[in-house]
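Residue numbering for the sequence shown follows this note's numbering, starting at 68 and increasing by one per position.
Be aware that one or more of the hints could be misleading.
Said to hold, decoys possible - Taking lysine-lysine and the DSSO-like style, the derived pairs with C-alpha atoms no more than 27 Å apart in a straight line are:
(1) K189 x K465
(2) K175 x K380
(3) K225 x K211
(4) K239 x K189
(5) K461 x K239
(6) K401 x K225
(7) K225 x K113
Treat the hints as calculated values from the structure; they're not laboratory data.
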Amino acid sequence: MKLTRRDFLKHSAKLIASLSFGSTILGSETGRAMLAGEDEFKLAAKSPILVVIQLSGGNDGLNTVIPYGHGEYYDARPTLRYKENEVIPLNNQLGLHPSLTELHQMFKDGKLAIVQGVGYPKPDLSHFRSMDIWQTGEPEKLAKTGWLGRYVSTSLSKQMLPAIQIGGVVSKAFLSPDFDVPVVQNLENFHAYGTKTSAYQQERMTHTLLDIYEKKPNHALLQAVSQKGLLAFENVTAIQNIANRYTSKVTYPETNFARDLQLTAKLIAGRTGTRVYYVQLGGFDDHAQEKQQHVRTLKQLDSGLGAFYQDLKANDTHKDVVMMVFSEFGRRMKENSSGGTDHGTAAPVFIMGDPVKGGLYGEHPSLTKLIQGDLQYEVDFRSIYYTLLDDWLKGDAKSTLGRSFEKLPFV
68 MKLTRRDFLK
78 HSAKLIASLS
88 FGSTILGSET
98 GRAMLAGEDE
108 FKLAAKSPIL
118 VVIQLSGGND
128 GLNTVIPYGH
138 GEYYDARPTL
148 RYKENEVIPL
158 NNQLGLHPSL
168 TELHQMFKDG
178 KLAIVQGVGY
188 PKPDLSHFRS
198 MDIWQTGEPE
208 KLAKTGWLGR
218 YVSTSLSKQM
228 LPAIQIGGVV
238 SKAFLSPDFD
248 VPVVQNLENF
258 HAYGTKTSAY
268 QQERMTHTLL
278 DIYEKKPNHA
288 LLQAVSQKGL
298 LAFENVTAIQ
308 NIANRYTSKV
318 TYPETNFARD
328 LQLTAKLIAG
338 RTGTRVYYVQ
348 LGGFDDHAQE
358 KQQHVRTLKQ
368 LDSGLGAFYQ
378 DLKANDTHKD
388 VVMMVFSEFG
398 RRMKENSSGG
408 TDHGTAAPVF
418 IMGDPVKGGL
428 YGEHPSLTKL
438 IQGDLQYEVD
448 FRSIYYTLLD
458 DWLKGDAKST
468 LGRSFEKLPF
478 V
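Sequences and hints are given; from them, build the entire structure.
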């Protein structure tokens with residue numbers, strides 16, 4: 068059966084509707100080499116990688132990094148408090164939640180930096196607005212682009228697969244007029260063709276796609292569709308080839324978060340040169356019965372990150388990866404009447420990995436000098452972004468964030 072250009076455009080439009088796409092249009096020779104599996108498609112050289120882990124819902128920072136040496140903490144949380152003998156001590160004033168054993172080991176090994184009291188001026192207690200602020204890096208205005216989207220545009224404009232979103236939908240952090248980020252939920256379903264498509268049909272569609280792209284249809288809409296279709300196919304093919312290079316003996320926990328991290332480890336092992344991965348863990352909006360729920364979510368975080376780090380070591384990629392763990396805000400100091408905590412402000416951010424200079428950074432927010440019951444922030448979150456962009460990713464941090472910010476020496 069002859070496959071016409073009209074037929075192909077119809078099929079590729081469906082593909083475009085169901086996938087998110089990468090940004091850089093490859094030259095036709097590179098595209099042909101990749102699609103044919105030829106040697107011209109080389110493994111990327113080692114490069115610094117950032118894995119961003121978003122804790123959605125507003126993680127309770129005071130019960131994550133616990134000020135057990137301060138009496139005000141116990142007074143404010145009669146049922147949610149952790150006693151000195153329950154916390155994992157960092158020093159004689161602060162300790163980690165008892166669920167965070169893997170993170171504590173990384174802290175002991177000098178591979179976990181805890182930045183205390185992170186926030187921004189005039190904090191917003193709305194989940195949506197505060198997350199928007201963190202994802203765009205713009206507390207003062209509504210922004211149409213994300214901080215990582217701007218980073219890719221200014222520093223990685225020629226990089227194939229510069230960033231990948233794992234699971235869910237693409238984060239606003241990646242929004243950019245210049246490119247779209249692939250969203251990968253699992254490799255089993257990330258294919259250009261259906262499982263019933265024959266090899267002959269796949270070959271015909273592939274050659275038709277390349278022919279359409281090289282001839283560049285005169286109609287602007289058709290040209291956009293054909294180019295987007297090629298981008299989608301190239302990304303799918305590249306990601307499938309990456310996964311075939313992954314081997315690991317690490318056993319991950321049976322959680323969605325851990326599966327997302329394992330998928331991230333697989334893609335990192337492929338060495339495509341992707342510089343940013345984005346993973347999310349939800350369930351942190353603890354307005355009621357926080358003690359039980361927080362244990363579950365922090366255990367998921369801790370066990371998943373522990374397995375992920377061991378997997379990176381097993382594949383010899385651990386020296387190339389830094390992880391950042393953040394939430395859109397912390398919780399109020401005082402517990403509420405439902406055994407939970409309400410939306411708050413400043414909270415800790417974790418930076419971890421072999422390249423990290425571990426330890427405590429910044430000052431823990433005062434428990435006595437509150438603003439309407441909330442903690443005052445000590446470190447602007449954009450200082451963390453600026454440090455990671457400038458010192459780790461070696462990108463154009465000033466253009467990405469609009470101005471310079473004080474850097475922290477954790478990398």
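Results for each hint:
{"no.": "1", "hint": "K189 x K465", "result": "holds (22 Å)"}
{"no.": "2", "hint": "K175 x K380", "result": "holds (17 Å)"}
{"no.": "3", "hint": "K225 x K211", "result": "holds (22 Å)"}
{"no.": "4", "hint": "K239 x K189", "result": "holds (21 Å)"}
{"no.": "5", "hint": "K461 x K239", "result": "holds (22 Å)"}
{"no.": "6", "hint": "K401 x K225", "result": "violated (49 Å)"}
{"no.": "7", "hint": "K225 x K113", "result": "holds (17 Å)"}
In summary, the one numbered hint that this structure violates is 6.
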